[in-house]
Every structure is written in structure tokens, then in C-alpha cells.
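For reference, the chains in residue letters:
There are 2 protein chains.
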Amino acid sequence: MSNNITLSLDDVKTLSLSVLTQNGYSETHAAAITDVIYACQLDDCHSHGLFRLFMCVDTMQGGQVDGHALPTITEPGPSVVKADANKGISLLALNEAMPRLVEKAKTQGMAALAINNCFHFSALWPEVEMLSQQGLVGIAMVPSHAWVAPAGGTRGTLGTNPLAFSWPRLEKDPFTFDFATSQFARGEIELYRRAGKPLPEGVAIDKNGKPTTDPEAAMEGAMLTFGGYKGSALSIMIELMAGPLIDDLTSLESIAAADGNTGAPYHGEIILAMNPEMLSGGKVAQNDERAERLFADIIDQGARLPSQRRYQARARNLERNALEIPAQLYQDILKLKG
Amino acid sequence: MSNNITLSLDDVKTLSLSVLTQNGYSETHAAAITDVIYACQLDDCHSHGLFRLFMCVDTMQGGQVDGHALPTITEPGPSVVKADANKGISLLALNEAMPRLVEKAKTQGMAALAINNCFHFSALWPEVEMLSQQGLVGIAMVPSHAWVAPAGGTRGTLGTNPLAFSWPRLEKDPFTFDFATSQFARGEIELYRRAGKPLPEGVAIDKNGKPTTDPEAAMEGAMLTFGGYKGSALSIMIELMAGPLIDDLTSLESIAAADGNTGAPYHGEIILAMNPEMLSGGKVAQNDERAERLFADIIDQGARLPSQRRYQARARNLERNALEIPAQLYQDILKLKG
Numbered sequence: 001m002s003n004n005i006t007l008s009l010d011d012v013k014t015l016s017l018s019v020l021t022q023n024g025y026s027e028t029h030a031a032a033i034t035d036v037i038y039a040c041q042l043d044d045c046h047s048h049g050l051f052r053l054f055m056c057v058d059t060m061q062g063g064q065v066d067g068h069a070l071p072t073i074t075e076p077g078p079s080v081v082k083a084d085a086n087k088g089i090s091l092l093a094l095n096e097a098m099p100r101l102v103e104k105a106k107t108q109g110m111a112a113l114a115i116n117n118c119f120h121f122s123a124l125w126p127e128v129e130m131l132s133q134q135g136l137v138g139i140a141m142v143p144s145h146a147w148v149a150p151a152g153g154t155r156g157t158l159g160t161n162p163l164a165f166s167w168p169r170l171e172k173d174p175f176t177f178d179f180a181t182s183q184f185a186r187g188e189i190e191l192y193r194r195a196g197k198p199l200p201e202g203v204a205i206d207k208n209g210k211p212t213t214d215p216e217a218a219m220e221g222a223m224l225t226f227g228g229y230k231g232s233a234l235s236i237m238i239e240l241m242a243g244p245l246i247d248d249l250t251s252l253e254s255i256a257a258a259d260g261n262t263g264a265p266y267h268g269e270i271i272l273a274m275n276p277e278m279l280s281g282g283k284v285a286q287n288d289e290r291a292e293r294l295f296a297d298i299i300d301q302g303a304r305l306p307s308q309r310r311y312q313a314r315a316r317n318l319e320r321n322a323l324e325i326p327a328q329l330y331q332d333i334l335k336l337k338g
Numbered sequence: 001m002s003n004n005i006t007l008s009l010d011d012v013k014t015l016s017l018s019v020l021t022q023n024g025y026s027e028t029h030a031a032a033i034t035d036v037i038y039a040c041q042l043d044d045c046h047s048h049g050l051f052r053l054f055m056c057v058d059t060m061q062g063g064q065v066d067g068h069a070l071p072t073i074t075e076p077g078p079s080v081v082k083a084d085a086n087k088g089i090s091l092l093a094l095n096e097a098m099p100r101l102v103e104k105a106k107t108q109g110m111a112a113l114a115i116n117n118c119f120h121f122s123a124l125w126p127e128v129e130m131l132s133q134q135g136l137v138g139i140a141m142v143p144s145h146a147w148v149a150p151a152g153g154t155r156g157t158l159g160t161n162p163l164a165f166s167w168p169r170l171e172k173d174p175f176t177f178d179f180a181t182s183q184f185a186r187g188e189i190e191l192y193r194r195a196g197k198p199l200p201e202g203v204a205i206d207k208n209g210k211p212t213t214d215p216e217a218a219m220e221g222a223m224l225t226f227g228g229y230k231g232s233a234l235s236i237m238i239e240l241m242a243g244p245l246i247d248d249l250t251s252l253e254s255i256a257a258a259d260g261n262t263g264a265p266y267h268g269e270i271i272l273a274m275n276p277e278m279l280s281g282g283k284v285a286q287n288d289e290r291a292e293r294l295f296a297d298i299i300d301q302g303a304r305l306p307s308q309r310r311y312q313a314r315a316r317n318l319e320r321n322a323l324e325i326p327a328q329l330y331q332d333i334l335k336l337k338g
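Chains as they are written, first to last, in this note's numbering: chain R, 1 to 338; chain E, 1 to 338.
In case anyone wonders, no lab produced these hints; they're calculated from the structure. Just so it is clear, the structure is predicted and the values come from calculations on it, not from any experiment. Virtual Cβ for every residue (Gly too), placed ideally from N, Cα, C. Some hints here could point you the wrong way.
Straight-line distance between alpha carbons at most 27 Å, and here's what the computed DSS-like set of lysine-lysine pairs gives [what the hints assert, rightly or not]:
(1) Lys87(R) <-> Lys283(E)
(2) Lys13(E) <-> Lys106(R)
(3) Lys87(R) <-> Lys13(R)
(4) Lys335(R) <-> Lys13(R)
(5) Lys106(E) <-> Lys13(E)
(6) Lys283(R) <-> Lys283(E)
(7) Lys335(E) <-> Lys13(E)
(8) Lys197(R) <-> Lys210(R)
(9) Lys13(R) <-> Lys337(R)
Derived list of chain E stretches under chain R, where covered just means 3 residues or more per stretch with a C-beta under 8 Å from a C-beta of chain R [claimed, not checked]:
(10) 68–79
(11) 110–119
(12) 127–135
(13) 169–183
(14) 206–216
(15) 220–231
(16) 294–303
Residues from chain R shown here face chain E by an in silico Cβ test under 8 Å; the list is partial [to be verified]:
(17) Lys82
(18) Arg155
(19) Pro174
(20) Phe177
(21) Pro244
(22) Gly302
Take the sequences, apply the hints, and build the full model.
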């Protein structure tokens, strides 16, 4: 007996498109959002797949997002693209700016894309994998809301500030990671709360800045970064690069701007793209072999490369042209339709 | 009673220059190396100050470094500078390429410098602070030798792989960090071994891949990364970006190339530079204020910004035009002179 239902891959897209267009998003926004929701669901990445439709609807109900906003793309320098999302979800701006980022990285060797004034709810790995699909190396960073304390601190200042990286492999799926710089994702703490289970040590502090394993106290207090003062420094780097560097909000400013609304946070994003052809002096094949020897040495000792479970799920789901989601999730999504 | 001796700032430079020129380094190499040794010693950063003269001499005695190598600088793309150190210490190549990196970042918005075929012994913060002194944001990465196991692994594959970042502040010393992605620096384990003290848990594994707190067993086994699988992923990113991306060695290849020699490892380095003027659309002052509000919120809760102790030491030592080093270190350095 399974509590899952099977959807064809087309059904996933149709379901996402219809929920979004019936909840205030234009056809173009719905298509851009569906691209990423579909990519995540195809990889059995449930937390960022169809489940995110609830956040998209919640964000619309908050009344701050513009579901019909048209992005404005500018090029303030030969290696810089800026995409102003004009208060839309980030993904339409991303899609429109991505070809220019790719072209700049290919011709200049290195380029940056800054997305501004966007609501952002999505995983970052689909964004850096757009670059590795083009033979480029990609790095992406976003702030979020000030839920995470700096090392040695007592309250939320930093976002969960994910960092994503993708490296193109000539014969294989890319080497990709995408992790929050908080020790836990915010949703994980919520799962512990619902299950009535204590958190591990070192994940959170209470509202007085004292260590806590109580999920309720953690939600009222602050989360901690991974890796102590080093993870905290990395998180501050992400705040600076995806915030003030590109003239956009810090996680402190983003949570203030939300004014109590839940839903996707409003802020900026930075994506860097590097061209191995130019940086290696034309020796891409030799250096692909060099990287493969590194990966082989990691795998040979029983360690795992990140994202491999996703790639296995992707291959399996593409093969059968269908995927499974929890039946209850499906029922709940149907209720989002008008 | 102090075991320190006082040196004038000029004495520090003169001592470094004379040791280096008497041990096989040309005047220009000795000057480039001394710049960084002096910068570190001025900040009371003892591990990377005059103490590193021993490593410079050790590297020369290994017979692989060219103390007179002249770097070759090329520009394979509008946003890429490549500096071939031609088997010299990295720092002369760095100094010669840095003005081109700065100019490219200022005119293009974003640029990368790849240093190739270099011996590298130095802290990375002086390199990224060269960029923040110019109003640019800097990131630097290097591999090292394969002493560090990936998360879930049993042997050394990765280097200690430091990551350095510097953010220019309009009115203050920059926000800078420079940390190894290994949990401990290799020298720290050596200090525990000499002191006969057990290591903390989670720092190292023995030669069979089992957790150990015995420093001796750790030196025969492998170190662990900070922050578990996230720190491990970050370390792999640094291997890829400072290795195969720029056509240079991984930490596995670097330790093999050393052929048992101690001294500075031989590999490459990547430095990224970003121009806030262009990325912020000309709003540097407003975004400096925004970053300062973030820093103020961190400090206000009793947390510390990295590098503050260095800046305090720098101010103190510049004020008195002198600094202190252990008397024994001074005696040992004098023995390096011919």
C-alpha cells in the first residue's frame, strides 16, 4: 500500500501552470516558475518541487509581489548583467538575463548577474546547472530573512544564505552542491516541532541567546550557522555579495520589508559564471580528466559526491515519463485551484 | 620578564630581505616575499610572518623552486589575467599581475586572476586586502597537499584549501576573513603533538580511516574539513576552481609532485575581483551604509567581526614603529643567514 500517487511529467507541468495562473501569476511568470518546480520535482527534490506552490500562493496573498511584473535587463559593464525583477518572482528575470550572462562569460571569461527587487523562493541548483549545461562554472548566492545568529551572537541577523556551485563534467552529470549556511533549514526545525522531537545540539538558540534543543524556543530565538565561526563568516560574505554589493537588501532589511507577511522573501541574488575554456588556456579536456581523477579518488574511498541521488531520480523519472508524489500533497494542491 | 625582543619595522623588512637573498632568492623575489611577511608580522600574525622564512629556506633547499624565475603575464580574455610564476614563489607573479586585475575589475565590473605554476606559502588575506584597498571586493582560493579527507572518506584527498574574502568599508578597515576549510591547520596538529595533548573530537582520522584524537595518528592519517559535508563540498569547490578550472594541480597532484620534499606546495591560485561601483549601479555610499548597519547589528549583540585583532595590532605597531617577536624565533632566524 502506497500513500503516493503517480503523475505523468506533463501532468506536473500542467498542474503547476494551472495553480499559478489561477492565483495571480501571468502566463510568462507561471511558465518560468514551473520550469524550476518541474526540475526539482523531476529530481524527487520534494521540498522545492510542487510543494513550493503553497509558498507561491502565500506570497501572492501577501499582496506585495507583482504577478505580472516585466523584468528590466541592463548591462552596466562588459562583465555585468543586472536584471531588475520589478517586484516579480526572481525566475522570469533569471530566464531573461541568463542568455546574456552565458554570452558574457563565454566572451569575457568571467561575468556576474545581479537580480534585484525580486521575491525568491527557489532552490539555487537549477540556476547554477543552467551554467554548467553550457560548459561554464556557476556560483549563486541569496540572503533570506534574519533568522540566523552570527557566531558568538544572541539573535537573528543573517539569512539561511544558501551557496550553490556547479562544475560541468564532459561525460557526466555536473558536480553540483546547494546548501544553506544555517546548520538546519528552517523547514527542518518546523518538522521537529510538529513531531514533538528535540533538536540536536548546536542548531539553535532561544530568545535569550541561550542554546536550546526545543524547536518552539528555536523558532522564537534564532538558528545557528553550520561550521561555527567559519560558517558564520561565509554567511556574512553571502549577505554582502547578494545584498550591498548589488544594491539590494540584507536579510535584516528583507524581514523588515515583509512586515509580518509569510511567503517568499524579497531581496536580490548574485550569480557568477566562469569560462573554463579561457581560464584553462584552452585545455578543457585535460582538466576535465584531472577533475575526474579527483572525483574518482573521493568515490573510491566510499565518500559520496553531492547531488547523485537527484541524478538517479531524474534518470528513473525520465525513463518512466512519470513520478510519484504523496497523495495528500496532491489533494492539498488541488485545493489551491480556483 | 619577557621572552620577546623588539624590532623596528625597518628591521623586520631588512631581516627578511637578507635571509631570502642569502638563501637563493633574487632581490625582486625577496622584495615580493618580504611585502607579505612584513604585512603579516605587522598585524602580529605570527604564523605567517617572519616564521615563514623557515619555509622559504626549506622550499629552496628542496631544489624545485626557481628563486630567480620571472613571471609571464597574459590576458586570454577581457576579464581574465593569467600569471605564470614559472616555478617561482607566487608573490612576484601576484605583484606583477595585480594592477592588471584591478584595472580589469574596474573597467569590466568583474575579473579573475589565475596564478599558475607557483610555490605558495603565504596567507591569503594580504592578497584580498590589496583589492579592498582599491575599493574592490576580493575572493582568493588555493589548494595545498592532499592531507584532508572528504566527508565520509577515509584518507587525504583534499588540501587545507583556504578561502579568503575582503569587503572594502569606506571609513574603516575592511571586513576580511581567511580560513582553512580543514577543521584545524596542519601546524595546530603539530603543536598538539609536541605538547603531548589529545586533539578534540572531529578533527582527524587515523590511517585506517577511524576517528582519532592522537596527534601522531592524525599526522599519519588525515585531517577532516570544518562543517561536515558542507565544509567538504566547499573544499572540493576550491580544489576545482584553483586547480582544473585554471589548468593547475589538485592537492593530490601537488603532494605527488613534491616527491617527499617539505616546504611550500606547488600549485595554482585563483583570485576574483568585483567592482561595487558597477554592480551597485553607482550607489556605493548608500550600500556602504547598508553594510555598516549589518556589521553594527553583529557587534551590538556581542559577536565579533573577523580580523579585528589584526587591525588593532597593526595600529599599535605602526604607532610605535616597532613590534615584538619571540627572542628564540629571532635567534633561530639569524641562523638562516649565511
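Hint-by-hint comparison with the structure:
For the proposed pair Lys87(R) and Lys283(E), the alpha carbon gap of about 20 Å is at most 27 Å, so the pair holds. The suggested pairing of Lys13(E) with Lys106(R) is violated, with an alpha-carbon distance near 43 Å, which exceeds 27 Å. Between Lys87(R) and Lys13(R) the alpha-carbon distance is near 24 Å, which keeps this suggested pair within the 27 Å criterion. Note on Lys335(R) and Lys13(R): the hinted pairing holds, with a Cα-Cα distance of about 17 Å set against a maximum of 27 Å.
Taken as a hint, the Lys106(E) and Lys13(E) pair is broken in the structure, with Cα atoms around 31 Å apart against an allowance of 27 Å. For the proposed pair Lys283(R) and Lys283(E), the alpha carbon gap of about 39 Å is over 27 Å, so the pair is violated. For the proposed pair Lys335(E) and Lys13(E), the alpha carbon gap of about 17 Å is at most 27 Å, so the pair holds. As the CA atoms of Lys197(R) and Lys210(R) are separated by approximately 19 Å, the hinted pair is consistent with the 27 Å bound.
With a CA separation close to 14 Å, the supplied pair Lys13(R) and Lys337(R) stays within the 27 Å bound. Evaluation of the coverage hint for the region 68–79 of chain E: fulfilled, as 4 residues show C-beta separations to chain R shorter than 8 Å, against a requirement of three. Restraint check on the region 110–119 of chain E versus chain R: 4 residues with Cβ-Cβ distances below 8 Å, three needed, restraint holds. Coverage of the region 127–135 of chain E by chain R is violated. Counting CB-CB distances below 8 Å, 0 residues qualify, and the rule asks for three or more.
Three residues within the 8 Å Cβ limit are the bar, and the region 169–183 of chain E against chain R gives 4, so the coverage statement holds. With a threshold of 8 Å between beta carbons, the proposed coverage of the region 206–216 of chain E by chain R is violated, since 1 of its residues qualify and at least three are required. For the region 220–231 of chain E, the stated coverage by chain R holds: 6 residues have a C-beta nearer than 8 Å to a C-beta of that chain, and at least 3 were required. Counting residues of the region 294–303 of chain E whose CB lies closer than 8 Å to any CB of chain R gives 6, which reaches the minimum of 3, so the coverage claim holds.
Hint on Lys82(R) holds. Least Cβ distance to chain E is approximately 7 Å, under the 8 Å limit. Interface restraint check for Arg155(R): the shortest CB-CB distance to chain E comes to about 6 Å, inside 8 Å, so the restraint holds. At its closest, the beta carbon of Pro174(R) sits 11 Å from a beta carbon of chain E; the interface hint therefore is violated under the 8 Å criterion. For Phe177(R), the interface hint holds, since its Cβ comes within 8 Å of a Cβ in chain E; the closest pair sits about 4 Å apart.
About 4 Å separates the beta-carbon of Pro244(R) from the nearest beta-carbon of chain E, less than 8 Å, and the hint is met. Restraint check, Gly302(R) versus chain E: the minimum CB separation of about 6 Å is within 8 Å; hint holds.
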